[in-house]
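Order-wise, the sequence lines are chains P and C. Everything in the first sequence is counted per my numbering, starting at 46 for the first residue and increasing by one. Everything in the second sequence is counted per my numbering, starting at 876 for the first residue and increasing by one.
If you are wondering where the hints come from, they were derived from the structure by calculation, not from laboratory data. Predicted model, so just to flag it, every value in this text is computed and none were measured. Any given hint could turn out to be false.
As the list claims (entries may be wrong) - Here are some chain P residues the structure puts well away from chain C; computed CB gaps all over 10 angstroms:
1) R115
2) N165
3) A167
4) L223
Said to hold, decoys possible - Examples of chain C residues toward chain P, derived with CB under 8 angstroms:
5) I940
6) R948
7) G952
8) V960
9) V963
10) K967
11) G1046
Unchecked claim - Listed next, the stretches of chain P that the computed footprint assigns to chain C, with coverage defined by at least 3 CB atoms under 8 angstroms from CB atoms of chain C:
12) 105–111
13) 121–131
14) 205–212
For each residue, glycine too, the CB sits at the ideal point set by N, CA and C.
Spelled out, the chains give:
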Amino acid sequence: MKIGRGTKTATSLLLASALLSFVPVVACADEILVAAAASLADVLKDIGKNYQSTHNKILLTLGPSNFLARQIFEGAPPDMFFSADLAQMDFLETNRRLEPGTRKNLLSNQLVIVVPAYSNLAIASPKDLLKPDVKKIALADPAAVPVGVYTSRYLATEGLWGKLKSKIVPVLDVRATLASVESANVEAGFVYKTDAAISNKVKVVYEVPLDNGPKIIYPIAIVRDSKKKDTARDFMNFLLSPAGKAIFKKFGFVILD
Amino acid sequence: MIFSLETWQITIFSLAVGMASTIVILPFGVALAWLFARKEWPFKSVVETIVLLPLVMPPVSTGLILLKIFGRRGPLGAWLYERGVEIVFNWKGVLIAMSVMSFPLLVRSVRTSFAEVSLRLEQIAATLGASPLKIFFVVTLPLAYKGIVAGALLAFSRALGEFGATILLAGNIPGRTQTLSLAIFNFVQTGKDAEAFTLLGITVFLAFTFVWFSEWLLRAGKKA
């Protein structure tokens, strides 16, 4: 009995390690790990592919920006941090986890109003949201999530926040906003332009002009503990190059200079 | 349905690490469950409660505690890092997160199955001169065998569904630490519903199979 179990365990362990070896292990030195906000997943995968063809390999770890910042704070190994939120970058900077002088405000985004694709409500500006036909507006939690914070600030400057507040349904994040608009459980929602672009079940009815809108910033920086700062710098230069910028533009991002 | 290479890779990785985590916790879980079921010792109820905590605590907070312990700046993480072992952001992190989160389920099920083994049989074995170790391996373990396998299957299923602790301790690196649950999260975040539903289907299928089999074993164990 005892022997039987032991053999079984050994066999299973062998099997497990055999299966684990399926996972591609690339041991080359020119490989960096970029911690990035989940909303940047697609564009960074594309950029990673382009960068890889000429240079090094980019690995991504994706999650909410506050998780990523927390992990880097505790000494997790990413070489770079690409946040959707200034607050998280500030948190790491004040705690001296960033390589001095490498922080850059790279991207911006645009707020848009989306409605279900087959909606026949006439909404052409934020003021139209005041109409009684518009009963519910989905928005990522305006108390915590960047897109919600940005939107509430914008609506406040337009003098609409107080009047629209009772219609706002706070949801988890941008994805949840999109899902509730797609399913027509709400009449409208506020999301980023780049998020609206990935759904064909919603249509953009209004783009908040960049000049009147809130300043949405995606900062990037190299982590101080990184052992591959040169490669990280090289990747940063690629992001800032015309080729890198073109890819960001293709996905609907706005480049900050 | 034909799955993409990525889908296979994610599924096999999840199964492999889930399996490895169950194998790692099995001896500890069985030993602890036996101590819970058969022995009285000081602060037993406190230890029992601590072991159960990951079952009821938000997984993200368990993940944060693990990150604090195993991070490069954590007490254990720093010690391991000096010796060239890094837990955070690789498959070892996934393994630890899965192990910690599924351990309570294993201990609970195995404990119950030990408690159901008749004390009289153990006492008879003792009067026949069997040593405690021999009694455990010849009487208790074979009688509780089905409950242990059922517990292991349940723990394994829990490991497969792990999300909160894994994303904090191991990150979410496609091809490296991305499990089924993490990949579903990514696909949902990037609006790839079709891919998310494929993985969801695989998850439901696996979870159903293992939980069903585990329940079946428990019923069969009761009859025996």
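Here is what the structure says about each hint:
1. R115: violated (7 angstroms)
2. N165: At roughly 24 angstroms from the nearest Cβ of chain C, N165 (chain P) sits farther out than 10 angstroms, so the non-interface label holds.
3. A167: holds (27 angstroms)
4. L223: violated (7 angstroms)
5. I940: Violated, about 11 angstroms.
6. R948: Hint on R948 (chain C): holds, closest Cβ of chain P at ~4 angstroms, below 8 angstroms.
7. G952: holds (7 angstroms)
8. V960: violated (13 angstroms)
9. V963: holds (5 angstroms)
10. K967: violated (11 angstroms)
11. G1046: Cβ of G1046 (chain C) sits 4 angstroms from chain P, so the hint holds.
12. 105–111: With 4 residues closer than 8 angstroms to chain C, the region 105–111 of chain P meets the three-residue bar; holds.
13. 121–131: Contact hint for the region 121–131 of chain P vs chain C: holds, 3 residues under 8 angstroms.
14. 205–212: violated (count 0)
Checked against the numbered hints above, the structure breaks hints 1, 4, 5, 8, 10 and 14 and satisfies the rest.
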